[in-house]
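Undergrad: Kindly generate the complete structure, drawing on both the sequences and the hints.
Here's the letter readout for the chains.
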Amino acid sequence: MTQLTRRDLLKHAAAAAAVTTGGLLLPQRMAFAAVGQGDARLVMIVLRGALDGLSVVPPVGDPAYAALRRQIAMPPAGSEGGVLPLDATFGLHPSLSFLAESWQAQQLTVLHAVATPYRERSHFDGQDVLESGHLRAHAAQTGWLNRALMQLPGPRQRDAGIALGANIPLLMRGPAAVASWSPSKLAQLDDDTLQRIGDLYASDGLLSRRLADALSADAIAKQAQAEDVDTQAMAGPGLRGAAAQYTETVQAAAGFLRRPDGPRVAVFDTTGWDTHANEGAAQGQLAQRLKALDGGLRTLRDSLGPVWQHTAVLVVTEFGRTAAINGTGGTDHGTGAAAFLLGGAVRGGRILANWPGLSASALYEGRDLRPTTDLRSVFKTVLRDHLAVPQRHIESQVFPDSKAAPYVADLMRNASA
Amino acid sequence: MRLPGFFLSGVNRRAACYVAYVMSSTTDAVIAANRFGLGAKPGELLALAGGARDALDAQLQAPVPQPAGTLKSSAQIVTAIADARRQQRQARQAGATPDVVAAALNLGKVMRPLYVADCVARLQLAVTSERSFIERLVHFWSNHFAVSVDKLQVLGLAGAMEREAIRPHVLGNFAQMLQAVEQHPAMLLYLDNVASTGPQSIAAQRLRRRAAARVPGLNENLGREILELHTLGVDGGYSQHDVTTLAAMITGWSVEGGDGVLADGETGRFRFREALHEPGSKTLLGRAYTQDGIEQGQRALRDLALHPRTAHHLATKLVRHFAGDEPPPSVVQRVAAAYLKADGDLPATYRALLGCHEVWEPQLSKFKTPADYIHSIWRALALPVADNARALAPFDQLGQRMFAPGSPAGWPDVSAGWDGSSALLKRIELTHGIAQRTASRFDALALADASLGSNLTSATRTAIARAQDGVQGITLLFASPEFMRR
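These protein sequences, in sequence, are chains A and B.
Those letters in the first sequence? Residues 0 to 416, by numbering that gives the first Met the number 0.
Those letters in the second sequence? Residues 0 to 485, by numbering that gives the first Met the number 0.
No wet-lab data here; the hints were simulated from the structure.
Hints are supplied without guarantee of correctness; some may be wrong.
If you only want the chain B side, here are some residues facing chain A, beta carbon under 10 Å, derived [unchecked claim]: (1) L228; (2) G236; (3) H240; (4) T474.
Glycine residues also receive a C-beta, built at the ideal position from the N, C-alpha and C atoms.
TA: Here is the structure:
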């Protein structure tokens, strides 16, 4: 048998699929949704475990803040390990240098005291509500972003999304077809074996489609990585383990999104934000994670190139953490959280926070930052004004029972609605 | 199976009947080992060909095995947690720095070896069991009553719960399994019931009299999940009032040797704390409960276990698990009726399922979960299970870390939860790695016959026969559509 290259294999698989009924064609599969370079892109990053909004966007100007947080309180701007200033009340954690630059460039909107309708303190139920878009946990098997993909205007909207990861998170599950991708050791598999597996799947609709999806996603990711050599150099040498995998995931997301024929929406998640003990302040556990997150966002911007102008990135978590430090140098599950909306398409440079304050009487149930903004308001507005999902579909299909969450004015630079 | 016409003429009629009999008995054998079991081990299909349905029934007639090895009881495990907490308290009282205090409570360090030991023993049993239908049922009920070890408190306890509360009742009565699970420390900790306190309980009243800053209250977590996940099902016709009521009924269902006010007792066993219990009669699902203390919750659970909506919910899940993502309503109805008729007796329920002709159709109706994909490969190759965390790596790699479904709802049980494109690639990669390590010891075609039997398609047989080497042959076998499904 002659040596097949990966490229030959893709071509061959496409040709084979062309004559079968169930098979889907690789080059066609690569043409995810035929979007234009100028079309809006959305990246959603779910931080699982409940990000501590009061350390990430510390309200250093709030009179109650320092006493509540004691040794993990962030120092004010200008002092040793101090926050990067945003306004008189808020700063950014000093690990977030890229977010600070985005703020300067008016490409970052900071959201604070936000929450989904969920008011308990269980991670899984909180994430379920965050992702399903329903009022309570386990109310649906589909995610709001998938349901939104079904309502995207234009032709071939069904392949508009990709989930970075082996399995698809609830947020992206549902009627719209969504591919998944995660770093793989596919290189160890020779093309001949892959080809034979592809042949074996020829009469199996589901598996041939999945394999074609996987190979095309892998090819795009490889290509993106090859183009990203410069970016990798910028991210710095010596990245290993989880950090390297994270960078790879971010670059893959960018690689998919910047293709004119790629998906318009990418989703991935990171874990480890459940800082019950030894949380740290300017240095420490949380600072390390934030640094990695910030670096990843910078990599995303750099890798997206001109497409960044048309991109919005939502960074969200299931709920916040307690206002006060606990007995183990950390914080426990809370309610009101912080979130970020950034990107070239964002009308940034402002804080969206109806700040309730941290005084004892202002705290929710005497312990948590009181939520004052419904996170669904932000999601709905991004869908309507950025991805041009029709409002009536948002209300009926994507976020049912969300009348209590009004749209937010002027969130995006070029509202397309 | 359509037979050529000449087969049915004259003296060949008897031969035709014999062929049909052999065909159905080998099909039954594959279904018994693959759909109802964890995959065929070498020789298993041949052994089952003599009567696969009887063999499954026979599996229901002996006690449920326990994993081998010296595994700790939940009481010992909770005691270890309490010890770690005590050391932390002592460090704090001794004026240690916050870092030292926090380090004293390294739950992960205490619990991880226990978790690994339990998982390895469970895997060992799954891979070697001669009664893998029983192991499937154990895994099914364990997932029905899921606790997820991403909540660190239950990392060491999930396996113990399966051993102590699930296995003893898998061939018993659901009502008893329900009681055992809801009183198990793992479930009480996982769904936050240990400190749930009735608003009118002795403890709450005492604190109010003292004008305490914080008076503990009800935690609905377990009460809600009992109704929504464990018994009636999400559409089971209960209200928020029922959730609150059931939560109040099980206030005081706690664990000995906890933290703070729960520090009395040492053994880490279930303990009913009268002082936390909400007194008085209550009405659940329209029925009055006048019992006192622990009996009220126990009576409510007994009624819930035998509720027709529970029967329907459990039957739907069982049929979906074994017979297809879209469970046929007629099968669900028969299984639910058998469950109710037998007052929650589980073997009678399983027998009703096995008695439905729909579940013996040869069409492959389920996409294997990653765990069962791994189990079936290990069984086909009779691979040894490493006695350490390395044995669990394939589960992480394929996205189904043992006892870590991430939610009390458990792992998904439909194709959509597992058939992502990247997930498929991961299976192929895993398969290829295993083939590289094992190919020299196996003949791929013989392996295919021994593990897939009549499920092996001619396309896969041809592909394996034409493979350029043993590695490719075994990769093709395990990547084949019929090995991915059951």
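Undergrad: Take the hints in turn and mark each one as holding or not.
TA: Hints, one by one, checked against the model:
no.	hint	result
1	L228	holds, 8 Å
2	G236	violated, 16 Å
3	H240	violated, 15 Å
4	T474	holds, 6 Å
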